[in-house]
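Q: These are the residues of each chain, in order.
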Amino acid sequence: MAHRIGFHFHPGSSPLHRWDARCKFFAMMALTIGLFKMQFAGLTLFTLVMVLGFAASRLPLKPFLRDCRTWAYLLSAIFLLQALFHPSADHVWTSSIPLTWTGLELATLTCWRLLLVLCFATLFTFTTRPKDLQDAITWLLGPIPFIPARRVALMVSLMLRFLPLIMDQADEVRMAMKSRLGTERKNPLRKIKGMALPIFRKSLARADELALALSARGYREDLPLQLPPVPGKHLLPTLALALLVLCSTPLVTEAIAGKLPPWF
Amino acid sequence: MIRLENLQYKYADGTTALKSIHLEIQKGEFLLICGPNGSGKTTLIRHLNGLLLPSSGRVVVDGVDTATNAKHALKRVGMVFQDADSQIIGETVWEDVAFGPENMGLDSTEIQERVDHALDLVGLQALAQKSCHLLSGGEKRRVAIAGVLAMQPAILVFDEPFANLDYLGVTQVLQQIVRLHAMGHTIVMTTHDVEKVVAHVDTIAIVHGGELKTVGFPEKIIPQLSQYGIRPPCFSLFGEKTVSWLTE
Chain A
1 MAHRIGFHFH PGSSPLHRWD ARCKFFAMMA LTIGLFKMQF AGLTLFTLVM VLGFAASRLP
61 LKPFLRDCRT WAYLLSAIFL LQALFHPSAD HVWTSSIPLT WTGLELATLT CWRLLLVLCF
121 ATLFTFTTRP KDLQDAITWL LGPIPFIPAR RVALMVSLML RFLPLIMDQA DEVRMAMKSR
181 LGTERKNPLR KIKGMALPIF RKSLARADEL ALALSARGYR EDLPLQLPPV PGKHLLPTLA
241 LALLVLCSTP LVTEAIAGKL PPWF
Chain B
1 MIRLENLQYK YADGTTALKS IHLEIQKGEF LLICGPNGSG KTTLIRHLNG LLLPSSGRVV
61 VDGVDTATNA KHALKRVGMV FQDADSQIIG ETVWEDVAFG PENMGLDSTE IQERVDHALD
121 LVGLQALAQK SCHLLSGGEK RRVAIAGVLA MQPAILVFDE PFANLDYLGV TQVLQQIVRL
181 HAMGHTIVMT THDVEKVVAH VDTIAIVHGG ELKTVGFPEK IIPQLSQYGI RPPCFSLFGE
241 KTVSWLTE
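Protein sequences, first through last, are from chains A and B.
Just so we're aligned, residue 1 is where the first sequence starts under this note's numbering, counting upward by one.
Just so we're aligned, residue 1 is where the second sequence starts under this note's numbering, counting upward by one.
It should be emphasised that the hints constitute simulated quantities derived from the structure, not laboratory data.
One or more of the hints may lead you astray.
30 Å max Cα-Cα, derived DSS-like pairs, lysine-lysine [as the list claims (entries may be wrong)]: (1) A:178 / B:10; (2) A:193 / B:27; (3) B:130 / A:178.
Using the sequences and the accompanying hints, generate a full structural model.
A: Put into C-alpha cells, the structure is as follows:
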C-alpha cells in the first residue's frame with residue numbers, strides 16, 4: 001500500500017541506500033545487541049544517530065509516525081507490565097499501588113530500547129533491497145555447515161516481503177469490521193477473534209499459494225552465490241558504528257569513567 | 001442522499017488519491033463507478049460510509065457530514081468488499097450474517113429475524129449452518145451481501161462484486177443486486193468490467209487518475225469508456241442494443 005512505511009523497501013540514492021547490505025547487516029546486528037546493553041546516555045546518543053539516519057535516508061516522517069501508532073499499543077503494554085510488576089520497595093505513592101521508581105526506570109529503558117530497535121529495523125528495511133538482504137544472509141550463513149543458507153535467506157526476505165502484506169490485510173479486515181460496526185464491540189476478545197480469523201485464513205492460504213508458486217518457478221537451493229567482495233570504504237562506517245556501540249555500553253563507559261551511578 | 005463536495009484524499013506519503021470530486025447520488029439510484037485499476041474507485045467509495053475521511057472537502061450522507069458522525073454513515077451505507085474473505089468473520093454462514101446486527105445491539109429475536117430475512121434474500125437459507133470457508137466464491141460473495149443486508153442499510157455499496165467469479169457466480173450476484181435495487185435500495189457499484197452490469201444501471205461515473213472525469217446516463221457515457229482505458233461492452237462495439245447478463 002502506498003501509505004505504509006514500516007518494513008517496506010523504498011528505492012533511493014541516499015548513502016544508506018548505497019551502503020553494502022552485508023555491512024549494513026553487521027551494523028544492524030551490532031546495534032541491536034548493543035542497544036539492549038545500553039543505559040540512558042547510550043540510548044540518547046543512538047536516538048541522535050537514528051534521527052541522523054532518518055534524515056540521511058529521506059524517510060518520510062508522517063507515514064512513519066502513523067505506523068508507530070500500532071507499535072505504541074505494544075510498547076504501552078510492556079511499559080505498564082514492567083512498571084507495575086517490578087519487585088522493589090521504592091513506591092511512587094503508597095505500597096497499595098505497585099508502581100515503583102525502579103520499575104518506572106526499567107520500563108522506560110526497555111521501551112526506549114525496543115522503540116530504537118524498531119526504528120533502526122525500519123530504517124534498515126527502508127534502505128535495503130530485499131534481494132540484497134537475501135544475498136547478504138546467504139553470504140553470511142554460507143560457510144556454516146548444515147545450515148541451508150539460501151533457504152534461511154529466502155525465508156527472511158519472504159517474511160519481510162509478506163509482513164507489510166499481512167499488515168495491509170489486517171487493515172482491510174479492520175475496515176470490513178468497522179463497516180459492520182464491529183469496532184462498537186465492548187468485549188476485546190470478540191474483537192480480536194473477529195480480526196484474527198480472517199487474517200490467519202488469508203495468511204495461510206497465501207503461504208500455500210506462495211509455496212506452489214515457488215515450485216512452479218523452479219526454485220532451487222544449489223545455485224552459487226555471485227557477490228563481489230565487500231568494498232573497503234563500506235567497511236569503515238560499519239566499524240565506526242560498531243565501535244560507537246561498544247563505547248556506549250556500560251562495561252566500556254564504566255571502565256573509562258570509573259565508578260558511575262547505575263542509571264548512567 | 002449522498003453528496004460529495006470537492007472531495008480530496010491524500011495518502012500519508014503525500015500521494016493524491018482523489019482530486020476535487022463533486023458527485024451527488026440520488027435516492028433509489030443505481031450508480032456504476034468505473035475506471036481502470038488504481039484509478040481511485042475503492043478509495044472513493046470508502047468515503048461514502050466514513051471508512052476514510054476526506055483530506056479536504058466533505059461527504060454528506062442524508063444531510064450528515066461523515067467527518068462529524070461517521071457512525072451514522074456506517075449504519076446508512078452498507079459496504080460489500082471486493083475480497084469476501086476479508087469481510088467474512090463468522091465461522092458459519094449464520095454466525096457471520098448475525099455479526100452486524102449483534103454489533104447494533106439488537107435483541108436476539110430481532111437478530112434472528114434479520115438474519116433469516118437476509119439469508120432468504122440471497123437464497124442461502126439452506127446453507128445457514130455451513131462453514132464459511134467451505135463455500136464457493138459466489139456463495140461467499142452472497143454471504144458478504146447478506147451480512148450487510150442484515151444491517152438494513154438504505155444504500156448498498158459494492159466494490160468489484162464480480163471479481164474472481166465464474167459466469168454462474170456473476171449471474172447469481174447480479175441477480176441479488178438487481179433485486180435489491182428493485183426493492184428500493186440505492187446501489188453504488190465499482191467495476192472495470194462494465195459489460196456485466198451496464199444494462200441495469202441508471203448512471204455511470206468514470207474515475208481516472210483520481211479524478212471524476214464524467215457522469216451521465218449509460219448511453220452518453222458508453223462511447224467514452226475506451227478513451228479512459230475501460231473496455232466498452234460488446235453490444236456497443238457491434239452497434240447493438242443493451243444486453244443484460246441475466247437474459248438467457
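Q: Run every hint past the structure and note whether it holds.
A: Now the hints, each set against the structure:
Distance restraint check for residue 178 (chain A) and residue 10 (chain B): the Cα-Cα separation of roughly 21 Å lies within the 30 Å cut-off, and the hinted pair is therefore satisfied. Distance hint between residue 193 (chain A) and residue 27 (chain B) is unfulfilled; the C-alpha atoms sit about 36 Å from each other, more than 30 Å. With a C-alpha separation of about 24 Å, the suggested pairing of residue 130 (chain B) with residue 178 (chain A) holds against the 30 Å cut-off.
Going down the numbered hints, you'll see the structure goes against just number 2.
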